[in-house]
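Below are the chains, spelled out letter by letter.
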Amino acid sequence: MRLAELVTQVLEIVAALVAAPIFLGWVNQCRAWLQNRRAPSIWLPYRNIRKLFHKDAVIAENASPLFRAAPYVVFGTMVVAAGIIPSMGTRLPLVAAADAIALVGLFATARVFVSLAAMDVGTAFGTLGARREMMVGFLAEPALLMVIFVASLISATTALPAISEHLATQTLGLYPSLAFSAIAFTLVLLAENARIPVDNPATHLELTMIHEAMLLEYSARHLALMEWGAALKLFNYACIGFALFVPWGVATGELGPLGLLVAIPALALKLALAGAGLAVIETVSAKMRVMRAPEFLASAFLFAVLGLLVHVMLGA
Amino acid sequence: MAHTTFDLQLLNACAALLLLLSFAMLSQRRVVTLVNLLAVQGGLLAVATLLLAWRTGQHHLYFSAALTVALKAAFLPWLLHRLIRRLEVYWDTEPLLNISGTMLMGLLIVVFAFGLAQPITQLASTTTRSAIGIAVSVILLAFLMMITRRKAMSQVVGFLSMENGLFFGAMSATYGMPMVVELGVALDVLVAMLVLGVFFFQIREQFDSLDLHHLESLKEHD
Numbered sequence: 476m477r478l479a480e481l482v483t484q485v486l487e488i489v490a491a492l493v494a495a496p497i498f499l500g501w502v503n504q505c506r507a508w509l510q511n512r513r514a515p516s517i518w519l520p521y522r523n524i525r526k527l528f529h530k531d532a533v534i535a536e537n538a539s540p541l542f543r544a545a546p547y548v549v550f551g552t553m554v555v556a557a558g559i560i561p562s563m564g565t566r567l568p569l570v571a572a573a574d575a576i577a578l579v580g581l582f583a584t585a586r587v588f589v590s591l592a593a594m595d596v597g598t599a600f601g602t603l604g605a606r607r608e609m610m611v612g613f614l615a616e617p618a619l620l621m622v623i624f625v626a627s628l629i630s631a632t633t634a635l636p637a638i639s640e641h642l643a644t645q646t647l648g649l650y651p652s653l654a655f656s657a658i659a660f661t662l663v664l665l666a667e668n669a670r671i672p673v674d675n676p677a678t679h680l681e682l683t684m685i686h687e688a689m690l691l692e693y694s695a696r697h698l699a700l701m702e703w704g705a706a707l708k709l710f711n712y713a714c715i716g717f718a719l720f721v722p723w724g725v726a727t728g729e730l731g732p733l734g735l736l737v738a739i740p741a742l743a744l745k746l747a748l749a750g751a752g753l754a755v756i757e758t759v760s761a762k763m764r765v766m767r768a769p770e771f772l773a774s775a776f777l778f779a780v781l782g783l784l785v786h787v788m789l790g791a
Numbered sequence: 264m265a266h267t268t269f270d271l272q273l274l275n276a277c278a279a280l281l282l283l284l285s286f287a288m289l290s291q292r293r294v295v296t297l298v299n300l301l302a303v304q305g306g307l308l309a310v311a312t313l314l315l316a317w318r319t320g321q322h323h324l325y326f327s328a329a330l331t332v333a334l335k336a337a338f339l340p341w342l343l344h345r346l347i348r349r350l351e352v353y354w355d356t357e358p359l360l361n362i363s364g365t366m367l368m369g370l371l372i373v374v375f376a377f378g379l380a381q382p383i384t385q386l387a388s389t390t391t392r393s394a395i396g397i398a399v400s401v402i403l404l405a406f407l408m409m410i411t412r413r414k415a416m417s418q419v420v421g422f423l424s425m426e427n428g429l430f431f432g433a434m435s436a437t438y439g440m441p442m443v444v445e446l447g448v449a450l451d452v453l454v455a456m457l458v459l460g461v462f463f464f465q466i467r468e469q470f471d472s473l474d475l476h477h478l479e480s481l482k483e484h485d
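As they're listed, the protein sequences go chains U and Y. For the first sequence, this note's numbering gives the first residue as 476, with consecutive numbering after it. For the second sequence, this note's numbering gives the first residue as 264, with consecutive numbering after it.
Please note: incorrect hints may appear among the correct ones.
To be verified - Output of the computed footprint for chain U on chain Y, the stretches with three or more beta carbons under 8 Å from beta carbons of chain U:
#1 271-284
#2 359-367
#3 370-378
#4 392-399
Unchecked claim - Not close to chain U: a few residues of chain Y, all C-beta gaps over 10 Å, as computed:
#5 S290
#6 L334
#7 Y438
#8 V444
#9 L457
#10 F462
#11 R467
#12 E468
Simulated from the structure, these hints should not be mistaken for laboratory data. Fair warning: this is a prediction, and the values are worked out from it, not measured in the lab. A virtual CB, placed ideally from N, CA and C, is assigned to each residue, including glycine.
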């Protein structure tokens, strides 16, 4: 069944590349509906990316090679991450390359490159955005690691597909530890993907922006890759969430075409629900001041550690 | 772990939620919300008691569940709300430590409490013994809340939350205390609450505020 595994691996990466902009479009569409606006097309992120690829790139005179390389690094790390996360099947050839902790490291690499590139040109906005991004990042990372540790403790492994497989096949029950870490993970997802309580993805000219501030100097294909990378990051986070907290439907064990036939609609359904849920969260919550972000992420860390402690104490 | 029965899972979930509520109280600055959280804690305690009563068939636990609902989930919060309205204290001032610091300290306390409860857990023979650690941490977190708050109101809430923790501890270690003791404790808490209510008015009359810092000096300054 080596071939089937290879097929799943390729399919998973391609699906991530294709579905990520659609997922972003779906979230934006849900948000628009909830806010009584006319919804943009679900294909809008695609059109945006195509438009950007057809433009000529303008790069600041004092930009170093790092500035040009960063979009490719960011996009590359996100594609590799998509290959490691078991969104459809758990038997993946690439999995031997990295476990869940290395996955967090991959995200950190992308973050460092985005921030370095933002500071490279030396504009005030870029530096400001980079510093904020690093602040959010260094607080979100331990929380994410703790979430992964809870799942690792339960399934006695740090390889994400093995965790997912274990969680999918264990008996159904109430797991307070997993519930706590699911809350923590949602908070981390919001912070890491520049969603509303922490950052506003729709803003372009405000002093409060984080992610957009770092991309201000980019244009054309570089910007396209950056935006595609950001969409992929959101997609990857959603898939990590599915792998840890709703692993049902993923093709476990020996892969067959039948497993994939179940896995693909299951993934689509989960993405649709998660996108709608994300839109609801973003609509009901207000953007908080940047200085409140540490408190927000401290509570994420708290939830994750509580999950860990509850698991150690109650074994549940 | 995966083969525990459903009611035990529910009990564990209750215990976990109690721990979470303790942290929510620790992070809360508004006194009104604090009292509401206390009421929820009382309600959750009653649910846990009911579950345990149903599971073990101990009839006196039904009485204590009823007592918990009446006293801790309804009457005491109502009394506190009334006091808040009369005294017009809706906000606590900034706690002595900032919220994130208190949270981290709370986590350390929980780790300490779990360590502390480990030997007791091994001695106890009840099926709910693993929740003893959570009860100890609820007690210690309430302590922490009383230490870091300045206003009398939050300290009283901390005191009541501590009592809830003790109750939960007794429940998970030995399936509850004898009925007489439980009634006595409930009466004690009730009387303490009423006396403290009178005390609040006295404190405010004397110092024009409920800040307990004023009580630290023994003599009046001249």
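Here's how the hints hold up against the structure:
1. 271-284: Check passed, 9 qualifying residues.
2. 359-367: Answer holds; 4 residues pass the 8 Å Cβ test.
3. 370-378: holds (count 4)
4. 392-399: holds (count 4)
5. S290: violated, 7 Å
6. L334: Holds, because the least Cβ-Cβ distance between Y:L334 and chain U comes to about 26 Å, which exceeds 10 Å.
7. Y438: holds, 18 Å
8. V444: The assertion about Y:V444 holds, with a minimum of 26 Å to chain U.
9. L457: Holds, since 35 Å exceeds 10 Å.
10. F462: Given a closest Cβ separation of 33 Å, the condition holds.
11. R467: For Y:R467, whose nearest Cβ neighbour in chain U is about 31 Å away, the distance exceeds 10 Å, so it holds.
12. E468: Nearest chain U Cβ is 37 Å from Y:E468, so the label holds.
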